[in-house]
Amino acid sequence: KAGVTQTPRYLIKTRGQQVTLSCSPISGHRSVSWYQQTPGQGLQFLFEYFSETQRNKGNFPGRFSGRQFSNSRSEMNVSTLELGDSALYLCASSLREMGYGYTFGSGTRLTVV
Amino acid sequence: GNSVTQMEGPVTLSEEAFLTINCTYTATGYPSLFWYVQYPGEGLQLLLKATKADDKGSNKGFEATYRKETTSFHLEKGSVQVSDSAVYFCALSGSNTGGFKTIFGAGTRLFVKA
Numbered sequence: 002k003a004g005v006t007q008t009p010r011y012l013i014k015t016r017g018q019q020v021t022l023s024c025s026p027i028s029g030h031r032s033v034s035w036y037q038q039t040p041g042q043g044l045q046f047l048f049e050y051f052s053e054t055q056r057n058k059g060n061f062p063g064r065f066s067g068r069q070f071s072n073s074r075s076e077m078n079v080s081t082l083e084l085g086d087s088a089l090y091l092c093a094s095s096l097r098e099m100g101y102g103y104t105f106g107s108g109t110r111l112t113v114v
Numbered sequence: 060g061n062s063v064t065q066m067e068g069p070v071t072l073s074e075e076a077f078l079t080i081n082c083t084y085t086a087t088g089y090p091s092l093f094w095y096v097q098y099p100g101e102g103l104q105l106l107l108k109a110t111k112a113d114d115k116g117s118n119k120g121f122e123a124t125y126r127k128e129t130t131s132f133h134l135e136k137g138s139v140q141v142s143d144s145a146v147y148f149c150a151l152s153g154s155n156t157g158g159f160k161t162i163f164g165a166g167t168r169l170f171v172k173a
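Protein chains in written order, with this note's numbering: chain A, 2 to 114; chain B, 60 to 173.
Derived from the structure by calculation, the hints contain no laboratory data.
Ideal Cβ positions, reconstructed from N, Cα and C, are used throughout, including at glycine.
Mixed in with the good hints there might be a few duds.
Derived list of chain B stretches under chain A, where covered just means 3 residues or more per stretch with a C-beta under 8 Å from a C-beta of chain A [what the hints assert, rightly or not]:
| no. | stretch |
| --- | --- |
| 1 | 69-80 |
| 2 | 131-143 |
The following residues of chain A were derived to be distant from chain B, with all beta-carbon distances above 12 Å [what the hints assert, rightly or not]:
| no. | residue |
| --- | --- |
| 3 | 5 |
| 4 | 9 |
| 5 | 28 |
| 6 | 44 |
| 7 | 49 |
| 8 | 57 |
| 9 | 59 |
| 10 | 63 |
| 11 | 72 |
| 12 | 78 |
| 13 | 83 |
| 14 | 84 |
| 15 | 87 |
| 16 | 104 |
| 17 | 113 |
Chain A residues, not near chain B, derived (Cβ > 10 Å throughout) [stated by the list, open to error]:
| no. | residue |
| --- | --- |
| 18 | 65 |
| 19 | 82 |
| 20 | 107 |
| 21 | 114 |
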């Protein structure tokens with residue numbers, strides 16, 4: 002059974018550029034959440050999607066956006082990149098609502114220079 | 060709002076020592092509680108969970124009991140191994156308007172020496 006797949010694994014971008022990260026959840030999982038992980042802030046919740054609808058959003062600026070497709074695959078986009086956006090971006094999928102737990106991907110390491 | 064507080068690390072133990080990592084939470088309602096583990100260069104893995112008060116989650120020798128009276132979910136293992144060296148995250152998942160989200164503690168790094 003395939004796990005959560007995130008692509009690409011590593012990215013280097015320049016300030017001001019935009020980036021799109023992709024996440025394919027475990028087959029059958031309809032809930033996909035995104036987190037930003039940094040040494041200073043830890044794991045910060047970005048957003049959660051369920052059946053193509055964004056149900057929750059964290060406290061990030063509007064430069065951070067996401068979407069989910071009908072096959073449950075999800076993308077997140079960061080526009081006008083800043084140095085502080087350098088982080089590990091983790092995608093997690095879940096079979097159903099609270100109580101089940103997440104399966105995480107290995108993450109996308111974004112470096113902004 | 061909901062929050063999770065876990066003990067600061069790093070925690071350094073010798074192999075076969077007893078491990079406790081403290082975790083307390085603040086939440087409205089009845090959240091589910093989790094422990095995740097992260098090995099270097101990888102995403103997080105679900106280690107164990109408990110969905111209601113007095114439940115005990117267990118996996119790979121690790122245990123944690125959902126204590127509503129003390130709002131705690133401490134992680135324990137009777138005899139750690141070098142391979143247990145990793146970062147451990149306590150987390151809670153609670154209902155929120157229109158959906159749910161999981162909140163993580165800051166993580167506790169564990170080093171186990173041979």
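Results for each hint:
{"no.": "1", "hint": "69-80", "verdict": "violated (count 0)"}
{"no.": "2", "hint": "131-143", "verdict": "violated (count 0)"}
{"no.": "3", "hint": "5", "verdict": "violated (8 Å)"}
{"no.": "4", "hint": "9", "verdict": "holds (15 Å)"}
{"no.": "5", "hint": "28", "verdict": "holds (18 Å)"}
{"no.": "6", "hint": "44", "verdict": "violated (4 Å)"}
{"no.": "7", "hint": "49", "verdict": "violated (6 Å)"}
{"no.": "8", "hint": "57", "verdict": "violated (5 Å)"}
{"no.": "9", "hint": "59", "verdict": "violated (8 Å)"}
{"no.": "10", "hint": "63", "verdict": "holds (19 Å)"}
{"no.": "11", "hint": "72", "verdict": "holds (20 Å)"}
{"no.": "12", "hint": "78", "verdict": "holds (20 Å)"}
{"no.": "13", "hint": "83", "verdict": "holds (23 Å)"}
{"no.": "14", "hint": "84", "verdict": "holds (23 Å)"}
{"no.": "15", "hint": "87", "verdict": "holds (16 Å)"}
{"no.": "16", "hint": "104", "verdict": "violated (7 Å)"}
{"no.": "17", "hint": "113", "verdict": "holds (20 Å)"}
{"no.": "18", "hint": "65", "verdict": "holds (15 Å)"}
{"no.": "19", "hint": "82", "verdict": "holds (22 Å)"}
{"no.": "20", "hint": "107", "verdict": "violated (5 Å)"}
{"no.": "21", "hint": "114", "verdict": "holds (21 Å)"}
In summary, the structure is inconsistent with hints 1, 2, 3, 6, 7, 8, 9, 16 and 20 from the numbered list given earlier, while agreeing with the others.
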